[in-house]
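Chains as they are written, first to last, in the working numbering: chain A, 12 to 304; chain B, 157 to 531; chain C, 574 to 918; chain D, 23 to 290.
Worth flagging that the hints you see were computed from the coordinates, not collected in a lab. Since the model is a prediction, treat every value here as computed from it, not as a measurement. Treat the hints with caution; some may be incorrect.
Which chain A residues face chain D? A few, computed with CB under 10 angstroms, are given here [stated by the list, open to error]: (1) Arg23; (2) Ala41; (3) Ile165.
All residues carry an ideal CB built from backbone N, CA and C; glycine is no exception.
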Amino acid sequence: MIKSAQLDSDARRGLSQISLPLAFSVLLLAAPLAILLAMSFWTQDFLTLDRTFTLANFKETWTSPIYRTLMLRSLKISIIVTVLTVGLAYPAAYYMSFVAPNNRKAMLVFLITIPFWTSYLMRIFLWKVILGFNGVVNGSLIGLGFIDTPLDWISYNQFAVIITLSHAWLPFAVLPIFVVMEKVNRSYLEAAQDLGDTPFQRFRRITLPLSMPGVVAATLIVFIPTIGDYVTPKLVGGPDGLMIANMIEIQFKNANNAPLGAALALSALLLVSSVAGIFVWLNRRYLKAEGAA
Amino acid sequence: MRAVLTKKRQAGLCRTMIKLSNIEKYYGTYHALRDVNCHINEGEFFSLLGPSGSGKTTLLRTIAGFEEIDSGTVMIGGQSMVGVPPNMRPTNMVFQSYAIFPHMSVAQNVAYGLRSQRLNKAKTAEMVRESLGKVGLAGYGERAAHALSGGQRQRVALARALILKPKVLLLDEPLSALDRKLREQMQSELRRLQRSLGITFVLVTHDQEEALTMSDRVAVMFEGQIAQLDSPQALYKRPASKRVAEFFGAMNILKADILEVKGDIATTRIEGLGVANLAFNPQPGADASSHYCAGVRPELMTILDDGAMAYDKETPATVTDVEYRGELTYYDVKFEGSDTPVVVSMRNTSNRELREIGQQVRIGWESASAVLLLD
Amino acid sequence: MLRTMKRTTTAIAVAAMPTLAAAQELIVLDWSGFEDPGFIGAYIKEHGGPPNYSFFGEEEEAFQKLRAGFEVDVAHPCSQSVSKWQLAGLIEPLDTSRIDRWDDVNEVKEAFVIDGDYYMLPTDWGTTSLVYRTDLVNASKMDSLQAFLDPEFAGRVSLPNNVDDVYALGLLATGVIDWSDVTQEQFEAASAWLRQAHPNVVTYWADNAELAQLMTTGEVSLAWAWNETPTTLIGEGIPVAINREAAEGSSSWFCGYVNVVDGPNSEDLMYDFLNAWMEPATTDYIVDAWGYGSGNQTQMASLGSEVLDSVGLGEVSAPVLVQGPLDNQMREQMIVEFEKIKAGF
Amino acid sequence: MSRRVLTMFMIIFVIFLYAPTLLLPIFAFNDSSIISFPLSGFTLNWLKSLGAAEELRKAAGTSLIIASVSSIIATMLGLLATSATVRYQFPGKGFAIGAIMLPMFLPEIIIGVSLLTVVLLAGFKLSIYTIIMGHVLICTPFCIAILRSSFQQLDPSLEEASLDLGESRINTFRRVTLPLIMPGVVSSLLIGFTISLDEFVIAFFLSGTEPTLPVYIWSQLRFPQRIPSVMALGTLLLILSVVLLTLSELLRRRSARRLDQKATSGAL
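If we strip away everything but chain A, and leave its shape as in the complex, we get (with noise of 0.2 angstroms):
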């Protein structure tokens, strides 16, 4: 009925609370975000930063075509990488926390994160062995007799990226959607099905909404940090896999044009924002018309 929140003490108690993290965050980002913004509006002529103020970075960031093609096709790979991996994890999550029993789960939490404490350089190299040219996947299908010569759309393109990607970023997109399925009540499901839901009703009204927090969780988790990827695009993207951060990750270090390196990260930032903001606002609309219906 009432809220405890909202009053002066508790006022004063959350922000004791958070002004740890925060004072670390700040004294230790407060630097960068400001050296990045400053630097998209200055130009650098090798190693000479000229602090004239300009706005000739953004105007190429968003007119130039390579970078055009760069950022909607890392938007569309993170996209498709996000949908793979919190597509996948769910059915995972769901398994880990509505069908094992309680005694097995927390070994599963551990199963699933063990493979990923192998160095992603060495996963890297297992990858292009699953799916090279003579590679397992590629062996198993001429061994079975599906195919003569080895398939050569699977390794050096984008969809190796996808791939490898979705599965570095799968116990990433388990782990929240878990946790909140750990936290959903158990009554809720059996009032539901009390109430005459089939179970597939059940899950759809009762157990994915409630379990939608973990899913926004999930795939914030996965699509922010995929678009800023320059590694597993560098080394199994092949020509047509390069995404935008490797353009960044270059203007930064070799071709010493910081400046546009951060106009580039700043818009690819607002860009991957949006994005995230869009699918939150969505969330939320689906969330009242369920609550709604």
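Chains B, C and D: place on chain A using the hints.
Chains B, C and D in isolation, oriented as in the chain A frame:
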């Protein structure tokens, strides 16, 4: 024990356990508590009654220490509670949701608050057993919390609070989640428990019947204010305002004009009933411009049989509707010169016949049973 | 064991006394793997143990880290970084009189002279050349770099994901052998050539392990590769051949140690370290165990052409584009252009 | 969805997760420095070479320490931030949470270079502490994303009940809040651990002379003499973690049996 307290109270000796003075509380611009003042006595069963949103839970949580007030003081046992956090207050609470810790057994829940007392295991177990026994859950200690029924959860919540021997037990609508039968059973159990322990109970409820049956005194709250604070009987008989009156069962409300006030007697003209002298004590917040009306409970009026026993007042009326309800019959009647239907309830006795619609009757009533209500 | 314990104590002491600890241990910023004691046997013998290493994966990252103020005594970049690092004020001249075998040092050292001072001691080098699977491509077509453009090899070609090696190829293929004064037209011709080659490329290899993987499976049958890769592959029995004498030629690269300004430790230690690298024993070891050339020219020559040819380091008659220092503006253009080419623009 | 379908899905899911990792041992014992089929033969050389690869082993140790400490600190900061934002209203809340979540949005190279500048300006020497600092910064947003949902679904009256029963705020957190959000906390620790263990860019910029395993491995890209040794090391670490997991599971079962207690309440 209770008898002693009652005597003390009669002698004006009972001690104040909780004193709330000038309490104001805002949520942003919403004025949640408006100048709340009241005393709650030691050993008293005190209820805060009101519709939802009236501020009763806020007031309870203010006593417990969960809400910070914007001005005013809370004293418990003679000590100011300013800056005293909930865990340091001599109060314990039974939450509306019961707040049973789901990861603990019943015994662990009950023993929860004992930890700071650093008792040995045997002593703790003994106290838990005793406390569970008091609430009728002997032998339930090893049950998992989530395996309990609603009534059992409530008992665990009680046992968990009572084991700490608080000076004040706060109950936030503890019975609202229970079914009717269980609720009635728990009402009497709570009452019995309170009597046997002698602890001050403060109960929040929106159910007037619950408040009337259980409490020594009830504070009726509307919109963040205490509208009336009195014993259940007085509240029923002498509600101070139309709102309070309507909150407690049926009351016939008729327009009234005060013609003259002499001391505590007001000569009043009541719609349809004529002029009568009614008891008058000005309500706080009322002034010369305040409007009043008169209220009479249906059971305090009678349809007079021919030549029946004398009533202070008699007024002719016409029956407009009859509703037979077994034990009672409700009649809607209209007085001459009034359009307001008035309900009269009559006990059905073996020799009493039902009246018919359209029949002319005489209504007997006492001027003492009519009350002046602030409009 | 004692060393390990000492290191551990140092690590703890670092927390307590940030500036005092590790005062007299040389700090080397290097590629990982170069902490191999075989390279600096003399130093270890003299000082009882190896120096402290800090590792980097890309020169540009090392550059950024040094620029941000990370203090080391000596670093290990490759030839193209020297002038950039010097311009950024990160490195200072070497005192050649303190390098015992200075006269034996490969003459490429002259390429690292800026304003009369020597800035890098070349210590390790290799070659980049045409490498192919003998069982998968027709050897007769492998005598020209134009093979990379042949549609027959579409999807079977891998080029380095490394601007220097790639432009060395582009320039060689368009007839430039010395890139020290490459003109804008030559650069554009090389870019156009690389753009033409791009559709044939299945991927730009990032490292030897990756290329070795690709060539072993046969996904790549033709590559522009470091000499180390074919050496490894041949050692594993994979049918590959190296052609350093393609008509247009091949390339060579150099890496070495530079003297970082404001190194926290004594320069004596640094010169001991550099001298250890110039020991003949180091040369023998690096050629034998790693398949790289050594900066000690004299000792390299003494190994004999048979040994050197077997690891792809021997003398060749075709032109060699030495990846010496390159005009910084030009290199920057190459970097930007290469990114565009890779992205298909 | 029927249980059998879900169980089948889970089995395939786990196989997919382990797909690349299962090849790890193969190449750790394959007698070739090239990570590729066909296999050339069995060897223990790579495993033996670990004995000599002192830097590699040290790097692995450093990484484990950094990952453990970072995940614990990041989870603690995440708990503070989450509890503040989920429970309380206070001015500047949006800004605060935005600032804390920001590292998730910024390119790592930016974070790396500028952290290095900040750290050096502040007069710190690069060490495992500076890496921990950087990793805490980037792990905290992930921890918050996980912990947030845990907190959101926690009934606030449970904590109030504890306070009301006389426990202090800290003990309330320990006895009531923490056990109830345990699945979230464990997941947060695991995510922090996993991210830190595999993070390269920030670790590179903030490492002094004690590299982490990813820094070491990534910097070997150009001269990959020891990739199979790294595979051998990965195999050992994998086996170690599986053994530890099995061991703890066995221990848990035994103690559960001894206490004759069926694990009743929520997961972890």
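Taking the hints in turn, this is what the structure says about them:
The beta carbon of A:Arg23 is positioned within 10 angstroms of a beta carbon in chain D (closest approach about 8 angstroms), and the interface hint is therefore held. Taking 10 angstroms as the C-beta cut-off, the interface hint given for A:Ala41 holds, the closest approach to chain D being about 8 angstroms. A least Cβ separation of about 14 angstroms between A:Ile165 and chain D goes past the 10 angstroms threshold, and the interface hint is therefore violated.
Checked against the numbered hints given earlier, the structure breaks only hint 3 and satisfies all the rest.
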